[in-house]
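Protein chains in written order, with the numbering used here: chain E, 1 to 175; chain P, 176 to 552; chain X, 553 to 775.
If you're looking for bench data, these hints aren't it; they were derived computationally from the structure.
For every residue, glycine included, the Cβ atom is placed at its ideal position computed from N, Cα and C.
Treat the hints loosely; a few may be bogus.
[Stated by the list, open to error] Footprint (simulated), chain X over chain P, 3 or more residues, beta carbon under 8 Å:
(1) 220-231
(2) 234-241
(3) 324-332
(4) 390-400
(5) 431-445
(6) 495-501
Here is what each chain is made of, one letter per residue.
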Amino acid sequence: MLKELFNQDTAPHATNVLVGKLGEILIRAVGKPLNSAINWGRLWSLWPVHLETACCSVEFGAASSPRYDVERFGIIEAFGSLRQCDLIVVMGTITRKMAPRLRMVYDQMPDPKYVIAMGACAITGGLYFDSYNVLPGIDGVLPVDVYVPGCPPRPETLIQATMLLQEKIKRMKTV
Amino acid sequence: MTTQLPPGIELEKVDDRIMTLNVGPQHPGSGHMRLIIKIDGDYIVSCDPDPGYVHRGEEKMAEYRNYIQNIPHLERPVIHDSSNILYPYCLAVEELLDIEVPERAKYVRVIASELNRCIYTLYWLAIYGIFLGHSTMFMWPAGDRELFIDLLEAMSGARVTHAYLVPGGVRNDLPANFEERCLRQVNYLEKRLKEYEDIFYQNPLLKARTEDTGILSGTDAIRLGTTGSVLRASGVDFDIRKKEPYDVYENLDFETVVMKEGDSYARSRVPYLEMFESCRIIKDALRKMPKSGSVRTKLKPNPKGGNDEVYRRVESGRGSLGYYIVSNNRPEPYRVKISVGSFRNLICMPYLLKGEKLGNMPAVYWSLNYWPVEADR
Amino acid sequence: MTKKKEKDGEPSETTDVLSDKPESQDTDLSNTLTKDELRKFYEEKGIDLSPDVPIHPKPIPEFEKSLSDKITSKFGSKVNVDYVRPNRIRVSTKREDILDVAYFIRDELRYDHAESVAGVDYPDSKEIEIVYHLGCYTDEQNGSQILALATRVPREDIPSPGKDKSRTPSLRDVFYSVEFHERECFEMFGVYFEGHPDNRRLLLPEDWADIPPFRKDFKIKGR
Numbered sequence: 001m002l003k004e005l006f007n008q009d010t011a012p013h014a015t016n017v018l019v020g021k022l023g024e025i026l027i028r029a030v031g032k033p034l035n036s037a038i039n040w041g042r043l044w045s046l047w048p049v050h051l052e053t054a055c056c057s058v059e060f061g062a063a064s065s066p067r068y069d070v071e072r073f074g075i076i077e078a079f080g081s082l083r084q085c086d087l088i089v090v091m092g093t094i095t096r097k098m099a100p101r102l103r104m105v106y107d108q109m110p111d112p113k114y115v116i117a118m119g120a121c122a123i124t125g126g127l128y129f130d131s132y133n134v135l136p137g138i139d140g141v142l143p144v145d146v147y148v149p150g151c152p153p154r155p156e157t158l159i160q161a162t163m164l165l166q167e168k169i170k171r172m173k174t175v
Numbered sequence: 176m177t178t179q180l181p182p183g184i185e186l187e188k189v190d191d192r193i194m195t196l197n198v199g200p201q202h203p204g205s206g207h208m209r210l211i212i213k214i215d216g217d218y219i220v221s222c223d224p225d226p227g228y229v230h231r232g233e234e235k236m237a238e239y240r241n242y243i244q245n246i247p248h249l250e251r252p253v254i255h256d257s258s259n260i261l262y263p264y265c266l267a268v269e270e271l272l273d274i275e276v277p278e279r280a281k282y283v284r285v286i287a288s289e290l291n292r293c294i295y296t297l298y299w300l301a302i303y304g305i306f307l308g309h310s311t312m313f314m315w316p317a318g319d320r321e322l323f324i325d326l327l328e329a330m331s332g333a334r335v336t337h338a339y340l341v342p343g344g345v346r347n348d349l350p351a352n353f354e355e356r357c358l359r360q361v362n363y364l365e366k367r368l369k370e371y372e373d374i375f376y377q378n379p380l381l382k383a384r385t386e387d388t389g390i391l392s393g394t395d396a397i398r399l400g401t402t403g404s405v406l407r408a409s410g411v412d413f414d415i416r417k418k419e420p421y422d423v424y425e426n427l428d429f430e431t432v433v434m435k436e437g438d439s440y441a442r443s444r445v446p447y448l449e450m451f452e453s454c455r456i457i458k459d460a461l462r463k464m465p466k467s468g469s470v471r472t473k474l475k476p477n478p479k480g481g482n483d484e485v486y487r488r489v490e491s492g493r494g495s496l497g498y499y500i501v502s503n504n505r506p507e508p509y510r511v512k513i514s515v516g517s518f519r520n521l522i523c524m525p526y527l528l529k530g531e532k533l534g535n536m537p538a539v540y541w542s543l544n545y546w547p548v549e550a551d552r
Numbered sequence: 553m554t555k556k557k558e559k560d561g562e563p564s565e566t567t568d569v570l571s572d573k574p575e576s577q578d579t580d581l582s583n584t585l586t587k588d589e590l591r592k593f594y595e596e597k598g599i600d601l602s603p604d605v606p607i608h609p610k611p612i613p614e615f616e617k618s619l620s621d622k623i624t625s626k627f628g629s630k631v632n633v634d635y636v637r638p639n640r641i642r643v644s645t646k647r648e649d650i651l652d653v654a655y656f657i658r659d660e661l662r663y664d665h666a667e668s669v670a671g672v673d674y675p676d677s678k679e680i681e682i683v684y685h686l687g688c689y690t691d692e693q694n695g696s697q698i699l700a701l702a703t704r705v706p707r708e709d710i711p712s713p714g715k716d717k718s719r720t721p722s723l724r725d726v727f728y729s730v731e732f733h734e735r736e737c738f739e740m741f742g743v744y745f746e747g748h749p750d751n752r753r754l755l756l757p758e759d760w761a762d763i764p765p766f767r768k769d770f771k772i773k774g775r
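Required output: the full structure, derived from the provided sequences and hints.
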């Protein structure tokens, strides 16, 4: 472990692991009594990674437009760095070229992280079920928390999905 | 010159100065594609676009579906411009099957196409605002766009994927008191567009970032085969609505927008000025449209094209959009090739970004009116 | 229509309407039933077998005819004018002559850019057709025209892109705008463009190990 930290090639990954372990220890120490407080903190920091994968990103953009304005709920705020994000919204079709990149992005996000599969293509492949270059759903790549059906889903559906995710986080154990 | 360097210190080689930078696919300034950029300090030495992250094989899938089943998946590449990407498909299939379209349907199609062009351009403008860090320019067009989406939702029943244009006409007639509603929205947009001028186009920050960056001369624009607003911003007066009028565009009153500068500012301004022309077209079409009549010629079930081929094109939000369909007496097309404006403008990217500052990359990139999902098909 | 376009390798139109019925229908029906019974059977099922496209002879437009005449008078039997329609001309040529024809089209007829480069696969005649759709920005009169320049390259049953006989001269020196289109055509059909500086993969994933996907022998799943 320590040796890995000082090796130049493995150092970034090892640092991640170390920080994760320290966080786990911290949570174990304060987890039980402060469960609801930690969950409350996680509820309102659902900031998504900016990874547009297909055409559903149009509706994702419309969700932050003045009419729908998701930011009034304190969720889904447009954000730059994936190191500080804990939500990834998979917006539509995942092709075979995109799948390794998607997994790479997911691996770089800090724990805890949540996944919303938006659109029929991200759930089953949708209209492109018989295409040679499209994955039949992203279940094989990422563990999905909430599925949002529709082709594309309306922005209201995305808001509801995020609220369902908040409900789920409330009932989660922190440890 | 032979200078003795102290041990352990070497002169900088050229290769060390050049750094390779991956922009995308996870990058706020790239969308669904990757640009492999080599930079020397702050200047871009070379750029190699790497599209294909949304390549879904639409053209192959179209060979397994008949002419009507092909409609829904062919509009998915540009869902915010879905009427315009279906328009040439409908024209091509009509020529292939020898279908006559009712007069009223032609006008309804033109209205739907121009409304969709406004929706597309407003979304594009919103993202351009975000790229340049101008949040107001995201909020205003994104909000005004919803009003036009409401109009098309009333026409077709769906929010963005309308599938409203079908071979033989349009899917259903206009809703009650549509004309009044449409006129109200169009007048509202014209009023708002003038406010965009003040807050965005006369903004000194925008001018500083876009003027004289990424200059494309007229001869180069022709040589590279660019299309749409990129071409017209370089001073070439070419609009398929004027040059090869389809449906009723020859009866309607509008002008093409041409700018001579060829820089990012001109490229960002041409689509904006075209929205005024779109409003003119919609108003004119509403005036000249037959007030009643059929809007759809019914096709036979499972229609078969002859042993023939056809190439039809229209002017979409991103330029010329053509369909090449080969048929061989079967209900399914033998081969469908979609020639999209985004893919044709992709060739500009290495050309324009070379020698540009890295900070100007988003301004040049998005001014090319490039939508990666469409380019990959 | 001047010359009826013929695509070798495809069944030519016959008077017997039953010959062009879809292949997906059961073939054993035709063995047991006579033709009249078969026709009645399909009519009851609502399947229409009559040709959908009535043939209306259209007048040959003047301007397009003059353009195509220029090509034929220059090259004679080397080129074949497939059709001349309003705003559309299609010319096919052998791949040895395509560079000469392309230079002539660019310099004399003033077509200046390529709209698309499409490949069409004909497995029956063992050929792949490459169709360049050329357009014109500079000429006032030519603006509405599209000239389709087609050529055919041999097709290998087992393709090895870049190494086999499916190759044709690249038109990049003539029309600079074909660069990305030819790259796409190379990966989708396996047709190598000689003289193209950058025959790399464009849209498909880096680990694509199958045959080029737009060939007819590449079947997509479930179909």
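To see whether the hints hold, each was checked on the structure:
1. 220-231: holds (count 3)
2. 234-241: Answer holds; 4 residues pass the 8 Å Cβ test.
3. 324-332: violated (count 0)
4. 390-400: It holds, with 4 qualifying residues against the three required.
5. 431-445: violated (count 0)
6. 495-501: holds (count 4)
Going through the hint list in order, the structure does not satisfy hints 3 and 5.
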